[in-house]
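Chains as they are written, first to last, in the numbering used here: chain A, 838 to 1296; chain B, 838 to 1296.
Don't read these hints as lab results, they were simulated from the structure. Don't take every hint at face value.
The list treats identical chains as interchangeable, and a pair is accepted whether it falls inside one copy or across any two copies.
Simulated pairs of lysine to aspartate or glutamate, DMTMM-like, Cα-Cα distance not exceeding 20 angstroms [stated by the list, open to error]: (1) Lys1169 with Asp1027; (2) Lys1169 with Asp1037; (3) Lys1169 with Asp1041; (4) Lys1169 with Glu1098.
All of these numbers come straight from a predicted model, not from anything done at the bench.
There are 2 protein chains.
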Amino acid sequence: MTGSDFLHLDPAAAPPRERTTWLAAQLRTAIADGALGAGARVPPSRELAAELAFSRGVVVEAYRRLAEEGLLLAEGAAGTRVAETVPPATLPGPATDAAVARPETLHLSVGAPDLSAFPRAAWLRAERRVLSAATSRELGYADPQGVGALRIALSGWLARSRGVVVPPERIIVTAGVTGALSLTAQVMRDRGLTACAIEDPSADGNRRILDYWLDSLLPVPVDADGIDVEALTATGARAVLTTPAHQFPTGALLSPARRRELVAWAEQSDGLIIEDDYDSEYRYDRAPVRALHASAPDRILHVSSLSKVLAPALRIGWMVAPEHWHDDLVRKRWATDLGSPALPQLALAELIRTGALERQVRRLRLRHRERRNAAVAAVRAHLPDARIEGIAAGLHLLVLLPRHVDDTALAERAAAAGIRVAPLSAYRFSPGDPGVVIGYGPHSPARLEAAIAALGRLI
Amino acid sequence: MTGSDFLHLDPAAAPPRERTTWLAAQLRTAIADGALGAGARVPPSRELAAELAFSRGVVVEAYRRLAEEGLLLAEGAAGTRVAETVPPATLPGPATDAAVARPETLHLSVGAPDLSAFPRAAWLRAERRVLSAATSRELGYADPQGVGALRIALSGWLARSRGVVVPPERIIVTAGVTGALSLTAQVMRDRGLTACAIEDPSADGNRRILDYWLDSLLPVPVDADGIDVEALTATGARAVLTTPAHQFPTGALLSPARRRELVAWAEQSDGLIIEDDYDSEYRYDRAPVRALHASAPDRILHVSSLSKVLAPALRIGWMVAPEHWHDDLVRKRWATDLGSPALPQLALAELIRTGALERQVRRLRLRHRERRNAAVAAVRAHLPDARIEGIAAGLHLLVLLPRHVDDTALAERAAAAGIRVAPLSAYRFSPGDPGVVIGYGPHSPARLEAAIAALGRLI
Chain A
838 MTGSDFLHLD PAAAPPRERT TWLAAQLRTA IADGALGAGA RVPPSRELAA
888 ELAFSRGVVV EAYRRLAEEG LLLAEGAAGT RVAETVPPAT LPGPATDAAV
938 ARPETLHLSV GAPDLSAFPR AAWLRAERRV LSAATSRELG YADPQGVGAL
988 RIALSGWLAR SRGVVVPPER IIVTAGVTGA LSLTAQVMRD RGLTACAIED
1038 PSADGNRRIL DYWLDSLLPV PVDADGIDVE ALTATGARAV LTTPAHQFPT
1088 GALLSPARRR ELVAWAEQSD GLIIEDDYDS EYRYDRAPVR ALHASAPDRI
1138 LHVSSLSKVL APALRIGWMV APEHWHDDLV RKRWATDLGS PALPQLALAE
1188 LIRTGALERQ VRRLRLRHRE RRNAAVAAVR AHLPDARIEG IAAGLHLLVL
1238 LPRHVDDTAL AERAAAAGIR VAPLSAYRFS PGDPGVVIGY GPHSPARLEA
1288 AIAALGRLI
Chain B
838 MTGSDFLHLD PAAAPPRERT TWLAAQLRTA IADGALGAGA RVPPSRELAA
888 ELAFSRGVVV EAYRRLAEEG LLLAEGAAGT RVAETVPPAT LPGPATDAAV
938 ARPETLHLSV GAPDLSAFPR AAWLRAERRV LSAATSRELG YADPQGVGAL
988 RIALSGWLAR SRGVVVPPER IIVTAGVTGA LSLTAQVMRD RGLTACAIED
1038 PSADGNRRIL DYWLDSLLPV PVDADGIDVE ALTATGARAV LTTPAHQFPT
1088 GALLSPARRR ELVAWAEQSD GLIIEDDYDS EYRYDRAPVR ALHASAPDRI
1138 LHVSSLSKVL APALRIGWMV APEHWHDDLV RKRWATDLGS PALPQLALAE
1188 LIRTGALERQ VRRLRLRHRE RRNAAVAAVR AHLPDARIEG IAAGLHLLVL
1238 LPRHVDDTAL AERAAAAGIR VAPLSAYRFS PGDPGVVIGY GPHSPARLEA
1288 AIAALGRLI
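Use the sequences and the hints to build the structure in full.
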């Protein structure tokens, strides 16, 4: 297999007749993301062409296009480098995050896989097959619960990869995990459940979504064994959102004893466990534990998505709900928007059917493991007083810092230095030990090492 | 330009290197939809190849594939015809409609464009361009309001085609018209508006969505000038859902006097007009009237989608709301699912930018006009006592029947005879004249003629 260390380019992902366009796009993305910083030198065209097993003309032409766009500067014998002033992106992005506009900022923020690895060629092939075979019925109004072909494919996928064994008719395709949580919270509300227990600390995105739809969130502490079930019981909640396979952000795995306690809590309190299985594909040291769902399918609403394997932009997720929740959830989805768009669902079904999704998971697992290892090594080298928490899994590290460090102030100093990192405090309801959450998914080992070294200097 | 009368095949839509696959898919669709009925003879391969300007081998191979699938029967010198017993479709469809499972049923039901005309090749080209250019940011979490590139493209499109002149930042991309209505109804509810006036008769889909989210719907009669504003005022409603450009299902155009009255109602009652501009692309006798929106942007929430030009399965629509509604609607969308998937939005932006969408509208307008004319002629020939209502627009005809006809019973007899047609009663709140609503979008003139002749015999 060929490939290039430079940007981890994978030539197999390039559509055969569009290598130049593909390479230019990869470079453009790397520059926009800051992976190729201002002034950075790109490899000589001959060298990169050899690494990728492309003809040299492809690389020369890609460099030329980017030079025309003002992104690269050709300096004759001195080589080619990234322009100092990068023109603004052609498409306006979300305006929610001021730092997004600064391409030189390195985002160690959490939750993103390496999006440059999105299997563009495989996705296009799947779309082409889907479009050439789609009947008029499939282009019409689809099943609000999700297209049949995808639910069939997911039924096998969930059984194989997560031990969630359900027939296709029990799977509800959703607009990502958020779509699943919002439907769940709304149906909870309709049923008079206006409070939900939530892990402390927990993902701020999910927290804000539940907070929008419900009256109150009841924080429950988390330790190295996962959520504290005794504390959960004390809240009197009848529903809880939890991340058993990989607690966010502590990285804890819910221990076997706690799994039993949690299920017992649900049985005794007529409680609903919302299992957010958000990044379970990425376990690096052993096979992932089975989802909690199988322990109590009547009590557990299992939720996940492909945002961590393919891309958040697809907005495809799913849920499997206890039988007495199912119909109300589907009806709510129907009333919300009649269901997810059909074409991406059919394309995803195709990716599962052909094994392309499985290959993508394996590929990303290797890549993310390497990055995690690099981040762990860098933390040990540059933050000797820090402690890494959690299992070897997922797309982020929780790094606990010495008690005297103010993690919010540290994150602010880091942002000023061009490194965006999330302080643990941002995920907490109650005060606790300081820390930073480092999302390593999108970054090369070298960049992680440099960023973590810079963090070390800032403390 | 080449083309074939047989199934209205448009060879320009076939991807150059995949003509066989394309042709096979077209035939498969036609058989599944019933456009090619059991036992129907297909043209000799030589003839069809000449019409399409394809090599004969392409047609032979497409026929062979379908024969292998059991869909076609090659009978040597006698030619090739559609098998009597068509195997079930490979993908399960929505199970909501029993008649869907009977491929021999002809659906004259409303609201569908000719989905076989979906611009598959253009869509794939756009997706390919989008995927090769998409940055990691575009594959990440998008703007809940819609991706910038699409809102920019829509801003121009709405101004040119509908006279709705708004900057991109005032456009909210939605999951079709349903997505827009559901957000609107929810925000209405949050603001204490739990009732909505609605046209009588009106589309049952919209009616059921509003009915899900609100406490009461207040029916307002419609006549040949559109909604009766005096009756609307009498309801005391503070919001109304209306279809000014082409009332559904009567086909009335809101008259200039009524447009003024409706806007005056909104001003005087602090009312909200929800303008459903659902099929305004299809006006056959003159240029479409401008959307109502421009008359009172502070009072009108303008809603539309591409379901009638591209496909309902895309689930892409948009709304432009009065300024004091905008933020709450965007926030509701964020809390619902973080916004629509990015890739189809970017592909659509590309279709608008390159003019492909405009060409699609023109092409479908011609095709649908021809079908409308055929349906009108058939009604005049076979239902001499019936009266056709409404302007020459859209995708459906309202045919009023003599008073003694029970339209529900007629629709049931028609369904038993293999013709699915919607009785006007199904759209009414209060009793009124009987009629049938004939959706002509997906059907060839010959099939429309045959179906309407059969209806005539049933009365």
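Results of checking the hints against the structure:
Proximity of Lys1169 and Asp1027 under a CA criterion of 20 angstroms is satisfied in both settings, with 10 angstroms inside one chain copy and 17 angstroms between copies. Within a single copy, Lys1169 and Asp1037 get their C-alpha atoms no closer than 29 angstroms, and across copies no closer than 25 angstroms, so neither meets the 20 angstroms cut-off. For a Cα distance limit of 20 angstroms, the shortest separation of Lys1169 from Asp1041 across copies, 17 angstroms, qualifies, whereas the shortest one inside one copy, 24 angstroms, does not. Taking identical chains as interchangeable, the C-alpha atoms of Lys1169 and Glu1098 are never at most 20 angstroms apart, the minima being 31 angstroms within one chain and 36 angstroms between chains.
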